[in-house]
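Protein sequence lines, in the order shown, are assigned to chains A and B. FYI, this note's numbering numbers position 301 of the first sequence as 301, with every residue one higher than the one before it. FYI, this note's numbering numbers position 164 of the second sequence as 671, with every residue one higher than the one before it.
Everything labelled a hint here was simulated from the structure, so no lab data went into it. It cannot be assumed that every hint is accurate.
[Said to hold, decoys possible] Derived DSS-like pairs: lysine-lysine, alpha-carbon spacing no greater than 25 Å straight-line:
#1 Lys985(B) - Lys181(A)
#2 Lys181(A) - Lys989(B)
#3 Lys57(A) - Lys21(A)
#4 Lys240(A) - Lys197(A)
#5 Lys244(A) - Lys994(B)
#6 Lys685(B) - Lys621(B)
#7 Lys244(A) - Lys840(B)
#8 Lys840(B) - Lys341(A)
#9 Lys122(A) - Lys181(A)
#10 Lys581(B) - Lys570(B)
#11 Lys614(B) - Lys664(B)
#12 Lys421(A) - Lys581(B)
#13 Lys994(B) - Lys250(A)
#14 Lys987(B) - Lys181(A)
#15 Lys21(A) - Lys112(A)
#16 Lys685(B) - Lys747(B)
#17 Lys57(A) - Lys250(A)
#18 Lys989(B) - Lys171(A)
#19 Lys236(A) - Lys21(A)
#20 Lys112(A) - Lys122(A)
#21 Lys987(B) - Lys101(A)
#22 Lys985(B) - Lys171(A)
#23 Lys832(B) - Lys250(A)
So you can see what is in the structure, the chains are spelled out below.
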Amino acid sequence: MSTQITKEQYQLFTIVADTNKISIKQLCEKTNVEQPMVMGTMTFAQSEGWVEIEEFKRQELLPTSEAQELVEKGLAERKFLTVLQQNNNSLTMQDVAKHAKQNNLSMGDIMKWGMLRGWFKKNAQSLDLTEEGSKAISEDAHDEKALKIAIVKGSVFLDELDGIDSGYVEKLLRRRGELAKLKERTVRYITMTEAGKAALPSLKVEEEQVNLLTPEDIASGRFREIKLRPYDITEKADIKVPVKCHPLQKIIQETRRTFLEMGFLETVSPHLDTGLWDFDALFQPQDHPSRDMQDTFYMKKPQFGDLPNKELVERISKTHEDGGETGSSGWGYKWDSEEAKRMVLRTHTTASSIRYLSENPNPPSKVFCVGRVFRNETISFKHLPEFHQVDGIVADKNASLCSLLGTLQAFYRKMGFEKVKFKPSFFPYTEPSAEVFVWMEQKSCWIELGGSGIFRPEVTVPLGCNVPVMAWGLGLERLAMLRYGISDIRTLYGSDLDWLQEAKLCQ
Amino acid sequence: MPVIGISVKQLSDLLGQPITSENLSDTLEYLGCDVDGMGKTIIYQCPKCSLFIEKQEHEEAPKRCTQCDYEEEKPFNSVDEEETIRLDLLPARPDLFDAGGLARTLKGYLGIEKGLAEFSLAPAQLEVFVSEELQKPDNYRPHIACAIVHMPEIDSKLLRTIMKLQENLHWGIGRDRKLASIGIYDLDTISGPITYKAVAPEELSFCPLGNANEKMTPKQILTEHTKGKAYAHLLEKSTKYPLLIDSKDQVLSLPPIINSEETRVKEGSKNLFIDVTGLTKTDVHKSLNTLVSSLVELGGSVELVKMVNGDKKTITPDLALRRIKINAERARKWLGINFTIPQFKELLEKMRFRVDGRFPNYEIYYPAFRTDIKHEVDIFEDLGIAYGYHNIKPKMVETMTVAQARPEELLSETARQVMVGLDCNEIMSLMLTTEANHFTKLQLTPGDDHAVIQNPKLVEHNIVRCHLMTGILESFAKNKRKPMPQKFFELGNVVHVGNDNHDTKSWEERRLCFAITGPKASYAEIRSYVDGILAELGWEGSYKVSTHPSFIEGRCAEVETKNGNIVLGEIHPQVIVNFGLTNPIALAEIPLAVLFK
Chain A
1 MSTQITKEQY QLFTIVADTN KISIKQLCEK TNVEQPMVMG TMTFAQSEGW
51 VEIEEFKRQE LLPTSEAQEL VEKGLAERKF LTVLQQNNNS LTMQDVAKHA
101 KQNNLSMGDI MKWGMLRGWF KKNAQSLDLT EEGSKAISED AHDEKALKIA
151 IVKGSVFLDE LDGIDSGYVE KLLRRRGELA KLKERTVRYI TMTEAGKAAL
201 PSLKVEEEQV NLLTPEDIAS GRFREIKLRP YDITEKADIK VPVKCHPLQK
251 IIQETRRTFL EMGFLETVSP HLDTGLWDFD ALFQPQDHPS RDMQDTFYMK
301 KPQFGDLPNK ELVERISKTH EDGGETGSSG WGYKWDSEEA KRMVLRTHTT
351 ASSIRYLSEN PNPPSKVFCV GRVFRNETIS FKHLPEFHQV DGIVADKNAS
401 LCSLLGTLQA FYRKMGFEKV KFKPSFFPYT EPSAEVFVWM EQKSCWIELG
451 GSGIFRPEVT VPLGCNVPVM AWGLGLERLA MLRYGISDIR TLYGSDLDWL
501 QEAKLCQ
Chain B
508 MPVIGISVKQ LSDLLGQPIT SENLSDTLEY LGCDVDGMGK TIIYQCPKCS
558 LFIEKQEHEE APKRCTQCDY EEEKPFNSVD EEETIRLDLL PARPDLFDAG
608 GLARTLKGYL GIEKGLAEFS LAPAQLEVFV SEELQKPDNY RPHIACAIVH
658 MPEIDSKLLR TIMKLQENLH WGIGRDRKLA SIGIYDLDTI SGPITYKAVA
708 PEELSFCPLG NANEKMTPKQ ILTEHTKGKA YAHLLEKSTK YPLLIDSKDQ
758 VLSLPPIINS EETRVKEGSK NLFIDVTGLT KTDVHKSLNT LVSSLVELGG
808 SVELVKMVNG DKKTITPDLA LRRIKINAER ARKWLGINFT IPQFKELLEK
858 MRFRVDGRFP NYEIYYPAFR TDIKHEVDIF EDLGIAYGYH NIKPKMVETM
908 TVAQARPEEL LSETARQVMV GLDCNEIMSL MLTTEANHFT KLQLTPGDDH
958 AVIQNPKLVE HNIVRCHLMT GILESFAKNK RKPMPQKFFE LGNVVHVGND
1008 NHDTKSWEER RLCFAITGPK ASYAEIRSYV DGILAELGWE GSYKVSTHPS
1058 FIEGRCAEVE TKNGNIVLGE IHPQVIVNFG LTNPIALAEI PLAVLFK
């Protein structure tokens, strides 16, 4: 029995038979048949032993929409060739900057690409034109040639460029996104086998097979008569990247949802707060290292805030000095109300839990707050001066170390960490304190993901709260970095469009 | 946080029984120590001043001495190596900074020795006279406490342990020698009594540690000696310097800078004189008590010293036991663990306390160095640790509560959904910025209503944002080479200064800012977005012509509402240039409160 094929398929086979070797892309262009269809036909033919498919990886050079203008205008380092030549082939670095500015050329481009091309050489204080550089004045570099061809043709494969060093082109254009993109393409070539050539005459062409379903086909009812050809549904398509919320925002929202699902009330406190709420109310002595100018941002404007009601301030002050009515021995120093009035950028979201407790001292309460906190740090891959923290508290007559661990376990499990363990720790305002570790399956290790504890009575009693209060918090950037597999915290606030789009929402 | 390497062998010797690294590491973790791992530590010695320098196996051998600055072309010779367990120092527990202190705690936890570690004190013979002059405000370091410790003959390993402990206490309690600094001397090179007095910068001279052949005045030490220069800032306000000197005018040290070479503790020394001087009495005594108690664990015995301050005589170290009362019922509730009555005593003794009294009221006696104990809850924590966090069966608080999200956050969620639906990518920018980026580049004049930081480490962070435009425009700048058009939005808080109704003298508002850039970005486009958002959130507005220096005149509008004003328009080309951009930008900023019904 002879195989039935469509008219289009027959056309495709005829072209393949007549050509020594032809690519899928060329086949599409010649026949106007859609690529999935062509590919499907050829895969079928290969399984019948009629054709052979060879695959090659090729680099395709795709110029950007701005490339033409940039190349015609002349690249910064090319224009600078002439500048250097006119200045006896050498300029001091200061003059380089001056000339670059006068000619409106990017200094970064001149240095980076000019040096990479070997056109310029940096000596101690000067930038010199190299021999290669002077040769380049009258002749386009390989990448410029390639780019010009690509601009005319829309795109070009590096290996089809004669007399152009594709390695050089790749080196120069791989990281120069404003000019072009290099994409790796898989190119498939089809050759007909002897068996194919023999089989071709015996194939039966079926008339009524259709590729494209049109509105007319549907309206007229013709769809009942035609046969819609199957596609090769395994064929890859270009990814359509959705616009989305910020990846860190996603984690913030998940965290909020977790607390809400556990019955917590959301609260807030100002980013600028008095030392009283950020430190003193948490029983942090006024000479504590964390209150140092080295670690905390103090405000010049507004420099001082107001203290809350006198009775509360008095209780806090007494607690610091001799323990007051908390049963503690206190810190044994003279508490200074001026220090407590100093405005700071809050160093933790615990300040908002404390503000809430002072207004709502009666149990039970379950409260959380997500927000930015600030540390006087320089910027590095590990540190930013501001980051997000989440803080939760439970004030309850049955709150205890045991229920703290239980609540944390439930919380972290809801956050997606099945295995949780606890280790004693030391924080100034909780007693006992515990650090939370979660098991990271991908890395096969325990990772510290937050601190917790029961507020010291020195914290809660002055606020009028007489039951144990469990508290815990964690930094969300750390979680985000683990989740999205990034090693540089700056990425989170860098607004790089590619990263924003590529970070997976379901991760 | 500094990391210490503790020799596993030394620890086993002190425990009196072998311990596997694994068991050691687990036990330390149960106690709350942060174990950094195991490794080999190699010890080098400076050929000139004999300072020991420890490096981890993978670190480079030193070529330069940190004490005397002596430098060689080739790395120093290693003198020893040992298997160590590496721990992060716990600032709250300086009594766990060394092998001695750790051994004391571990013995209890492992059941080798229980209850208080008590020892006898030999009566004071040596006197230290403290000069009145040091109590004056312009002559620094008013507080001093001293002790004598008789050790077994000190070998190089013990010497290293003591030096390391001294250094760690300088960090942990002394805040790098500022609040308290320790001097340790070979007692047999000193003739009592000793005087603690103030001297003029060039009144006398002595050989500082590491410079056996060169006498220097205090002034020279502070300006020429490596350690002197490093710590000179601690004495910069003083007109005279503190000095310890013996009855034969032999200088002991210039606290808190350096000791004298002649009184240096060497291998073979047996008797130690120790002083701690500092700014606060608490930290001085805490340092001395911690050091002396650890030396006892390392085989020492303590002799008291008489401090004479005019008519006032005191004996140091003050190692009298401290006492605190606890209630066992409250402990059960606080920890949520139903301890049996015998368990209380057993667990507390495991943590090296003495327990007196009867259930439920106990009196706990604890050593002087446990200054972290201020309240019965501190004892509760030790009870919890003794029980082991890993043995606790977690359970939940069962009280029913009702969740409630903040309305502003709910509205933000809706706004975020609308913006994503409008094909805008969300960005998050920092709240800290500069006047140049926040005002000048936007052709705005800084007013009085933005918050200014007093002490930023980076000049890039000296104000807090009061609008969201900078973050959006900077994001465009970062993506200027990516395909156009681009659409970004940010939802975030801005801060305004100058509202006396708030205790923080400032107020915040949540805003939504979004912008479009590309060759075709225009007022019409941003206007249709704003209309879309307002319609979606159930609000209609009337637009009025506005002048805003950041926008093109005639292409900027404002919508006034009682909760704030919406601004929208095409960004001024000069502003675009100021941010290093080339494409037109249309932007809108909406106070979220506007959208509240």
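Structure-inconsistent hints, enumerated in ascending order: 4, 6, 7, 8, 9, 12, 15, 17 and 23
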